[in-house]
Amino acid sequence: MSDIAIELKGIDKSFGAVHANKNINLSVRKGTIHGIIGENGAGKSTLMSILYGFYQADGGDVFVDGTRTVIRDPNAAIAAGIGMVHQHFMLVENFTVLENVMLGAEESQVLTAGITKARAELRRLEEEYELEVDADAIIEELPVGNQQRVEILKALYRGADILILDEPTGVLTPAEADHLFRILRQLKDQGKTIILITHKLREIMAITDEVSVMRRGEMVATRTTADTSVEELAELMVGRRVLLRVDKDEARPGDVLLAVEKLTVRDSRGVAMVKDVSFDVRAGEIVGIAGVAGNGQSELLEAVSGIRRAEKGRILLNGEPIDVAGRTDPAELRARGMAHVPEDRHHMGLVLAFEESENSILGYHTDPRYVSGAFLNIDGIRRDAAEKMESYDIRPRDVRLRTANFSGGNQQKIVLAREMERDPSVLVIGQPTRGVDVGAIEFIHKRIIEMRDAGKAVLLVSVELDEIRSLSDRVLVMFDGRIVGERSPDANEGELGLLMAGVTDSREAAA
Amino acid sequence: MSVPYGKLPAWVDFGLIPLINLVVAFLVAGLVVLAVGESPLRAAALLVEGAFGYGEGIGYTLYYATNFIFTGLAVAMAFHGGLFNIGGEGQAYVAGIGVALPCLWLDQYVPWFVTFPFAILGAALMGAVWAMIPGWLQAKRGSHIVITTIMFNFIASSLMVYLLVDVLKPAGSMAPQTRTFVEGGRLPKLDWLLGAFGLDIGGAPFNLSFLLALIAAFVVWVIIWRTRLGYEIRTMGHSPKAARYAGIRENRIIIITMMLSGALAGMMALNPIMGDQHRMQLDFVSGAGFVGIAVALMGRSHPAGIIPAAILFGMLYQGGAEISFEMPEISRDMIVIIQGLVILFAGALENMFRPAITSLFATLGAARPGTAKPAE
Amino acid sequence: MEYFEALIVILQSTVRVSVPLILAALAGLYSERAGIFDIGLEGKMLAAAFAAGAVAGITQNALLGLTAAMAVSVALALVHGFASITQRGNQIVSGVAINFIAAGATVILGQAWFHQGGQTPRLGEGGRFVTHELPFAAEIAGIPVLGPIYSNLLSGHFLLTYLAFALVPATWWVLYRTRFGLRLRAVGENPGAVDTAGISVTWLRYRAVICCGLLCGIAGAYLSMAMTGGFVKGMTAGKGFIALAALIFAKWKPVNVMFACLLFGFLDAMSIRLQGNPLPLIGQVPAQFMQALPYILTVILLAGFIGKAIPPRAGGVPYVKER
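Read top to bottom, the protein sequences are chains A, B and C. According to UniProt numbering, the first sequence is numbered sequentially starting from 1. According to UniProt numbering, the second sequence is numbered sequentially starting from 1. According to UniProt numbering, the third sequence is numbered sequentially starting from 1.
A few of these clues could be false.
[What the hints assert, rightly or not] The list that follows gives simulated cross-link-like pairs (lysine-lysine, DSSO-like), each with its CA atoms no further than 27 Å apart:
{"#": "1", "chain 1": "A", "residue 1": "K9", "chain 2": "A", "residue 2": "K200"}
{"#": "2", "chain 1": "A", "residue 1": "K312", "chain 2": "B", "residue 2": "K169"}
{"#": "3", "chain 1": "C", "residue 1": "K321", "chain 2": "B", "residue 2": "K140"}
{"#": "4", "chain 1": "B", "residue 1": "K169", "chain 2": "A", "residue 2": "K275"}
{"#": "5", "chain 1": "A", "residue 1": "K22", "chain 2": "A", "residue 2": "K200"}
{"#": "6", "chain 1": "A", "residue 1": "K22", "chain 2": "A", "residue 2": "K117"}
{"#": "7", "chain 1": "A", "residue 1": "K9", "chain 2": "C", "residue 2": "K321"}
{"#": "8", "chain 1": "A", "residue 1": "K312", "chain 2": "B", "residue 2": "K189"}
{"#": "9", "chain 1": "C", "residue 1": "K251", "chain 2": "A", "residue 2": "K22"}
{"#": "10", "chain 1": "C", "residue 1": "K321", "chain 2": "A", "residue 2": "K200"}
{"#": "11", "chain 1": "B", "residue 1": "K140", "chain 2": "C", "residue 2": "K251"}
{"#": "12", "chain 1": "B", "residue 1": "K241", "chain 2": "C", "residue 2": "K321"}
{"#": "13", "chain 1": "B", "residue 1": "K169", "chain 2": "B", "residue 2": "K241"}
[Claimed, not checked] Per label pair, the in silico range of CB-to-CB distance:
{"#": "14", "chain 1": "C", "residue 1": "A166", "chain 2": "B", "residue 2": "F325", "range": "32 to 38 Å"}
{"#": "15", "chain 1": "B", "residue 1": "I215", "chain 2": "A", "residue 2": "F15", "range": "43 to 49 Å"}
{"#": "16", "chain 1": "A", "residue 1": "G270", "chain 2": "C", "residue 2": "V130", "range": "52 to 58 Å"}
{"#": "17", "chain 1": "B", "residue 1": "A171", "chain 2": "C", "residue 2": "I10", "range": "34 to 40 Å"}
{"#": "18", "chain 1": "B", "residue 1": "V36", "chain 2": "C", "residue 2": "G142", "range": "22 to 28 Å"}
{"#": "19", "chain 1": "C", "residue 1": "I10", "chain 2": "B", "residue 2": "L19", "range": "53 to 59 Å"}
{"#": "20", "chain 1": "B", "residue 1": "L34", "chain 2": "C", "residue 2": "N152", "range": "38 to 44 Å"}
{"#": "21", "chain 1": "C", "residue 1": "A166", "chain 2": "A", "residue 2": "I138", "range": "26 to 32 Å"}
{"#": "22", "chain 1": "B", "residue 1": "K140", "chain 2": "A", "residue 2": "K312", "range": "21 to 27 Å"}
{"#": "23", "chain 1": "C", "residue 1": "W172", "chain 2": "A", "residue 2": "E93", "range": "20 to 26 Å"}
{"#": "24", "chain 1": "B", "residue 1": "L19", "chain 2": "A", "residue 2": "T116", "range": "55 to 61 Å"}
No lab work stands behind these hints, which were simulated from the structure alone. All C-beta atoms in this analysis are idealised placements derived from N, C-alpha and C, irrespective of residue type, glycine included.
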């Protein structure tokens, strides 16, 4: 017996040319909550996937409870007492909770006997850890927070002593996140070891005992949480002083260029995702929409940019109404001065199989600069693309390279160049820096500010509250499909956090 | 985070790997020849000799290739739009009406070059209509196009039997076919083309449709890579979400792509009806629509690949017929097996040898530093 | 009474033609519920029918014929599995390929081995499946209504027929009451959940396609050893595709599959019955229309005019571990 639950020695892993984990050493003490923090793409998830047997390390050893253990597949991980709650839940959506918990741990060929036993065991676990869920509920009908509890129950049902949670709060409201943290503390008190992967500093400070920082595939430091600070961790994470504020002048708002009035949007299942939303965006200002992912921001963006039909309400673009409930047409809106950088760069903003130059005209492929009659003007398209590559520093400078071969940051620059260079009056941007490297983030933020200063109306949606606060002139908070409040970007973070959780104060209620 | 895989040179991607897949398909076919007790080597020799050894053989090879260029282009066009059109067979079959009717109406009064444009139009139109219905059903009703086009092949077959037996058959005739067209409904042979190389096509039905097929291949290339429509089709094929974002109307593109695909398949009917038999008879398509799938997969949906792939299958058809004289155990159905094997190895298993080749090239690249630059 | 007897006759042939449909559609169900689309049912059935005809023709042993049919069909299913699971190829393309390979190989090999224009030798008594009378069938036959139903409709079928119908509840039980079924349904919906639960997605899907192969094999054997006395080239004649359509129409549920197959079988039986006989009110219907009717109906059904068929969510998509 050892008091170290997990020890990693010299773990190394490459995917093709990408060195995801470089000689990683880590030890996690028993009965603690150990945080692993790092930016997107720092290699945290890869490391945990190795620990869970999802990938094989190229080199290095894993010790569980002091003994060297080869974890060849998830089965071996489960046998070693390791359970994992994935960022994207690994649940069968049209199965019941019970079926999901049993899957892979059925105990016998015929289910009947196992069901009774599983039901009893589930009830015991639910009581022990405050993990109440209805065993017969269908997963897709449960709120996200409850789905996550099912994931935890799955791990516990298999007898996990070590629980890995990968970005568990990304999809949760603050209230749900609080509940999760209560559960985690309870688990810790019962002697379980928890590894928490996140890129949110506040969570690390709030709940962990120790924290390890990863940066670009390397483990750069391990600290006792009580002895460190947010500033120190942030610096370790990024590798240099973080620019918490983007330099910008005071906004000089002009006319209203984008007006949204009482907009209601339903998703493909008919669920109202945007409810009676109204706001304005003026020339020369950035309006940021903050909120936890999944509170209707995506649907709002798509309705404003003409991709999704709205049920009712009005949208005015440069004072002229858009036919929101009729045949919405992104092409028409583009012609009227709307530019849109979509959230989903890989499937919507770009066609990854296309040459760079082909993506540089996506959505503008009917423009007379690029077509003559029915034919594409290939030379003109490539020349134009090459110019944008220069001015946006897109690398490598090859207009005929397949877009999939560019890095995330450069891909995003391809989209930005396309949308910004059209001199739109309204710019709608979703998650501008998701999956983008640090260098490119600064560049992108600067460009967005430049657009504002050039008198464009900018609507910004991001789940990164820091990004919203540093770029926006006004912050709207969206919760459960509604705008629940407007704040200055300098407003207290806790206040914004409460709004994002749907907690509105009396002042809002009266208004 | 998307990571570029080790990129292979274009000639490997578009040349070597398809070639290896093809060779494997033929090796397996060779095993079948062995299984029926014949020598694969002798069969191959007979095949090449029969297909390319003399003028008439070449004429037949190119005659069959004409069919496959059309149907291969049809399947490829749909592939670019992300659609799998298995209905080329039925579309070509129904398009026969579009060829036969102008010929029956005009052949006695005007020369062939007046009939021809009407026949082209008729063929393209009927093929397009027969493909449009599944396209429309997919666009508006969400029916899976693969299943609907399969069903439409069966429906086409019943429809054509009915028309040939009960409607188009001349009175007093027993055979389920139209009357034979006179000069105004017959396409001229391309004997002069092979004659220029000192070859005599003899009785081979190699005719003007071949040139039309080459023109169609060029037009398809232009449409796909040089027009706005092609850009929209490819965007849809790669990512329907990106198409929606770009303001491309998905339903419209699905229907147009299917119509273009059907029109190409339909034009195949010109070759046997106007170019060879000079009448429409039962089952004149005889599987060419399905061969198109193999041809498109082998030719990587690019006209420059489809033409050689079609000629290869033309060779199999013609050479296969020759083999069956010499080797009675091997009938035309051998081609169906080869076709299946080509679809399997060039289509479903297209990446089977890729890892080995990629690592081979990685080793070669490592030996010569500086050749493989990592992407940014 | 005359109509009643005609009805019994039609229903009897409905059952007869439905059996291969049920077997093939259930075969497809195992594969597709596991997330492997299979349009190669036709080819597997055809190859199985040939193997059954050939082996039973030579040995005059029905059981050997059945075994050969299942072996050949499973082999083709494994090819499809290799392409779709191991190589992550396009499942539709693979299915098409198998259909062609089977269509060509059955003729080439049949001609090479038997020299009968693609047919296998006629099967004698021992090489065929025979029909079985249920107890008291002869005695009860005289009773009005119940008698004909029992003696003519329920009795007097092949063992394979009873097997096919028994496989319907059996499949339901396997799917919803066993560990294998739970995992099979899970892997067709979210293979990631199966993988992280420590179950091999690959092996599970291979077992599903093997089940598919076994059932297609029985379907093929029924065609050449029970329904007729030997293999004839192209004898599946689109039944694999009708079975596929029935599977979709049944929304991938076992009991629905049986009813869908009986419906299509009924249409088939009617079309044979109606040939040359004018329908009241409508008059003479072209035989070709009746033959095309199942396909036309399928298209109409697929167009979603009756409910909406939602396929297994992971269907047709090769499983790749997310990064």
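Verify the proposed pairing of K169 (chain B) with K275 (chain A), using a straight-line Cα cut of 27 Å. Violated, at roughly 65 Å.
Between the beta carbons of L19 (chain B) and T116 (chain A), is the distance compatible with 55 to 61 Å? holds (60 Å)
27 Å limit on alpha-carbon distance, applied to hinted pair K22 (chain A) and K117 (chain A): violated (44 Å)
For the pair supplied as a hint, K241 (chain B) and K321 (chain C), confirm whether the alpha-carbon distance does not exceed 27 Å. holds (23 Å)
Determine whether the Cβ-Cβ distance between I215 (chain B) and F15 (chain A) falls within the hinted range of 43 to 49 Å. holds (46 Å)
Is 22 to 28 Å a correct range for the gap between the Cβ atoms of V36 (chain B) and G142 (chain C)? violated (55 Å)
Just to be sure I understand the hint, the distance between the Cβ atoms of W172 (chain C) and E93 (chain A) should be within 20 to 26 Å; is that true here? Hint holds: Cβ distance 22 Å, inside 20 to 26 Å.
Taking 27 Å as the top limit, are the C-alpha atoms of K140 (chain B) and K251 (chain C) close enough? With a Cα-Cα distance of about 20 Å, the restraint between K140 (chain B) and K251 (chain C) holds, given a limit of 27 Å.
With the threshold set at 27 Å, check whether the alpha-carbon distance from K321 (chain C) to K140 (chain B) stays at or below it. Distance of about 33 Å is beyond 27 Å: violated.
Can you confirm whether the C-alpha distance between K251 (chain C) and K22 (chain A) stays at or below 27 Å? This hinted pair is violated, its Cα atoms lying about 49 Å apart.
How does the Cβ-Cβ distance of K140 (chain B) and K312 (chain A) compare with 21 to 27 Å: does it lie in that range? holds (25 Å)
Cβ separation of L34 (chain B) and N152 (chain C), checked against the hinted range 38 to 44 Å: violated (50 Å)
The structure is inconsistent with the numbered hints 2, 3, 4, 6, 8, 9, 13, 14, 18, 20, although it conforms to all the rest.
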